[in-house]
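Asker: The task is simple: from the sequences and hints, build the whole structure.
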Amino acid sequence: MKASIRSGLVIGWRQLFESLLSPGFYIMLSVGLALGSVLVAGFTGSIGSSGFDPQASPLYDLISRSLSGAFGSTFVEKLFAEGPFLFALVAAFLPVSVYLAIASVFRFAQERSAGAVELLVYGPADGTSYILAAFLKDLILSAVSLAFIAAAFAVEAALTNLLLGPLFLWALAALFLLSASFFAYGLLCSIVVVSSSSAIALFLGISLVFSLVFAGSFTIVGAPVRTLSSTAAAFLSWISPFFYAGMIFRGVQAGSQGAVLAGLLLLAFLSALLVLAGRLIIDAKGVRA
Amino acid sequence: MIRTRGLVKRYGAFTAVNGIDLNIPRGEIYGFLGPNGAGKTSTIMMLLGITPPTAGEIHLFGERYSPRRLDLRRRIGVVPEKHPRGVWHWMSAAEYLRLFADIFEVPRPNERIGMLLEKVDLAAFQKRRIRDFSRGMLQKLSIIRALLADPDILFLDEPISGLDPLGIKQVRDLILSENREGRTIFISSHQLSEMEKICDRVAIISRGRLIAEDAMERILSRISSDREIRVELETVPAALPARVKGLPFVRDAAAEGTVLTVKIPREGDFRKPLAEFLISQGLVALSLAEKALSLEEAFITITQENVVELAERGRE
Chain X
28 MKASIRSGLV
38 IGWRQLFESL
48 LSPGFYIMLS
58 VGLALGSVLV
68 AGFTGSIGSS
78 GFDPQASPLY
88 DLISRSLSGA
98 FGSTFVEKLF
108 AEGPFLFALV
118 AAFLPVSVYL
128 AIASVFRFAQ
138 ERSAGAVELL
148 VYGPADGTSY
158 ILAAFLKDLI
168 LSAVSLAFIA
178 AAFAVEAALT
188 NLLLGPLFLW
198 ALAALFLLSA
208 SFFAYGLLCS
218 IVVVSSSSAI
228 ALFLGISLVF
238 SLVFAGSFTI
248 VGAPVRTLSS
258 TAAAFLSWIS
268 PFFYAGMIFR
278 GVQAGSQGAV
288 LAGLLLLAFL
298 SALLVLAGRL
308 IIDAKGVRA
Chain H
25 MIRTRGLVKR
35 YGAFTAVNGI
45 DLNIPRGEIY
55 GFLGPNGAGK
65 TSTIMMLLGI
75 TPPTAGEIHL
85 FGERYSPRRL
95 DLRRRIGVVP
105 EKHPRGVWHW
115 MSAAEYLRLF
125 ADIFEVPRPN
135 ERIGMLLEKV
145 DLAAFQKRRI
155 RDFSRGMLQK
165 LSIIRALLAD
175 PDILFLDEPI
185 SGLDPLGIKQ
195 VRDLILSENR
205 EGRTIFISSH
215 QLSEMEKICD
225 RVAIISRGRL
235 IAEDAMERIL
245 SRISSDREIR
255 VELETVPAAL
265 PARVKGLPFV
275 RDAAAEGTVL
285 TVKIPREGDF
295 RKPLAEFLIS
305 QGLVALSLAE
315 KALSLEEAFI
325 TITQENVVEL
335 AERGRE
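Quick note, the sequences are listed as chains X and H, same order. In this text, residue positions in the first sequence follow our numbering: the first is 28, and each later residue adds one. In this text, residue positions in the second sequence follow our numbering: the first is 25, and each later residue adds one.
Check each hint, because a few of them may be wrong.
Covered stretches of chain X (chain H as the covering partner; in silico rule of three or more C-beta atoms under 8 Å from a C-beta of chain H) [stated by the list, open to error]:
#1 36-44
#2 129-141
#3 146-159
#4 301-315
Treat the hints as calculated values from the structure; they're not laboratory data. The beta-carbon is built from N, C-alpha and C at its ideal position, and this holds for glycine as well.
Answerer: Right, dumping it as structure tokens:
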């Protein structure tokens with residue numbers, strides 16, 4: 028095995044071990060699971076004789092109004108037509124994935140400025156090893172989190188006689204790849220800038236821009252805003268993980284397996300591209316802060 | 025073991041290293057000196073493969089070296105000046121060493137770690153967390169980490185910086201013992217008196233150029249055209265310096281209090297004729313010693329000369 032990849036696996040294993048020892052991951056996973064359970068319970072509480080009625084629950088009333096404002100009512104109707112678990116899955120996974128991404132950005136920048144990355148690469152390791160280690164660690168923790176959340180929801184579905192929904196499995200795959208691309212963006216941010224606070228600010232800024240463009244692509248708004256949003260989307264959509272996530276969502280809605288697979292593959296490709304860009308930048312810049 | 029030809033590193037318009045040629049044979053303790061900003065770190069970073077040179081070649085173990093040659097990097101042990109303990113502070117010494125042993129694929133890692141910890145008297149502390157280590161213990165731990173893969177070359181950056189006298193002696197003894205085992209040692213330091221004690225050869229770099237590279241005594245003799253004899257007398261008559269200056273081998277003489285300082289040429293032993301002259305003047309020498317130029321003085325002289333030379337070249 029190539030020395031740098033082997034070293035990356037050793038460092039990644041160590042980082043995974045450290046993450047599993049720290050309470051942060053468990054806290055965020057518990058928060059996610061609790062949030063998911065509350066959402067599922069709220070959904071079941073809103074089911075009346077005529078089916079699901081968001082207005083029957085103050086929580087869902089607020090959620091559906093907020094989501095309709097951001098993504099449009101059609102999106103919300105389609106989302107809740109799948110039952111509670113699709114939305115609860117996204118909501119439960121969000122705190123864990125955001126925590127993992129920010130923790131990695133912070134850690135990479137901090138270790139780089141402390142000289143730890145440099146110390147590691149004095150041996151048979153290089154920048155690639157370190158990027159690979161951080162990325163693999165995040166992927167494994169992300170997969171573990173999704174597996175936990177899916178298992179918890181499967182139990183809850185069995186207890187409440189609800190179905191997980193046809194989109195649930197696709198959503199698991201899409202969320203995994205979506206988080207992977209955000210992890211890759213996070214690593215790229217920590218490579219491009221030096222301090223951990225700047226790296227986090229840059230990462231949050233990029234995520235916010237992608238979120239706004241994504242929301243803009245769903246919302247029915249006035250012409251000037253739509254023009255601005257579509258112009259921004261034309262530039263940003265192809266580098267935004269949300270664009271491909273939207274492609275998967277629409278593909279599932281339309282029953283087009285080709286579009287779903289294309290979306291999944293493109294998300295994976297985007298992540299690989301970002302990791303490669305990170306590697307090239309760190310090779311050119313060096314590991315010194 | 026280490027050979028460079030025309031090594032250059034530029035950062036934009038700034039040239040940090042300007043055509044350095046090094047040749048370090050196997051088993052040597054090589055001191056790399058230079059004032060801050062001289063290009064020392066840039067040179068070391070290129071030698072370690074952390075940054076690629078802008079121009080020039082590096083050969084390690086007879087092979088062309090580049091940052092991508094991880095196989096060659098495995099044969100180098102590095103002890104950096106700063107120990108990033110904040111990142112690994114929660115680990116025990118043994119866990120920390122195990123991480124690096126795994127990266128370097130050290131065979132029978134636990135045995136090797138135990139043996140090295142024993143060697144530096146840290147075996148009793150292997151389960152103690154790094155955050156509880158003193159500066160000296162950390163430095164020894166850092167050296168052990170660098171030795172894990174049994175490297176052929178050991179790079180040390182300011183290895184005794186911040187250590188107490190006992191720590192300095194322990195690290196010095198460790199360096200000398202590793203060298204006796206056949207390891208080539210490359211030390212970059214500002215602790216010139218210490219370098220003087222342990223280095224076989226030193227290189228002095230200033231403004232990105234190698235301005236001296238030789239055995240310690242040869243560098244010292246090359247830069248000092250005169251030597252000094254200091255004589256402590258009971259009393260120094262006012263006319264004595266002038267009379268001493270009249271001696272054929274004396275370049276200059278001056279008195280301060282009861283000490284007479286006499287400058288003599290670089291070659292030859294003039295202590296006896298000087299002592300005979302003083303006796304002939306009815307004076308009793310309480311002590312008479314030749315003062316050797318220290319590496320520190322040589323370093324200052326050489327680097328200042330270089331700065332002056334460059335400044336003059338700039339004016340031209």
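Asker: Hints first: check each against the structure and report whether it holds.
Answerer: Hint check results:
Remark: the stretch 36-44 of chain X is confirmed as covered by chain H, as 3 of its residues place a Cβ nearer than 8 Å to a Cβ of that chain, reaching the required three. Only residues whose beta carbon comes within less than 8 Å of a beta carbon in chain H count, and the stretch 129-141 of chain X has 3; three or more means the coverage holds. Given a C-beta distance limit of less than 8 Å, the hint that chain H covers the stretch 146-159 of chain X holds, as 8 residues qualify and 3 suffice. Restraint check on the stretch 301-315 of chain X versus chain H: 4 residues with Cβ-Cβ distances below 8 Å, three needed, restraint holds.
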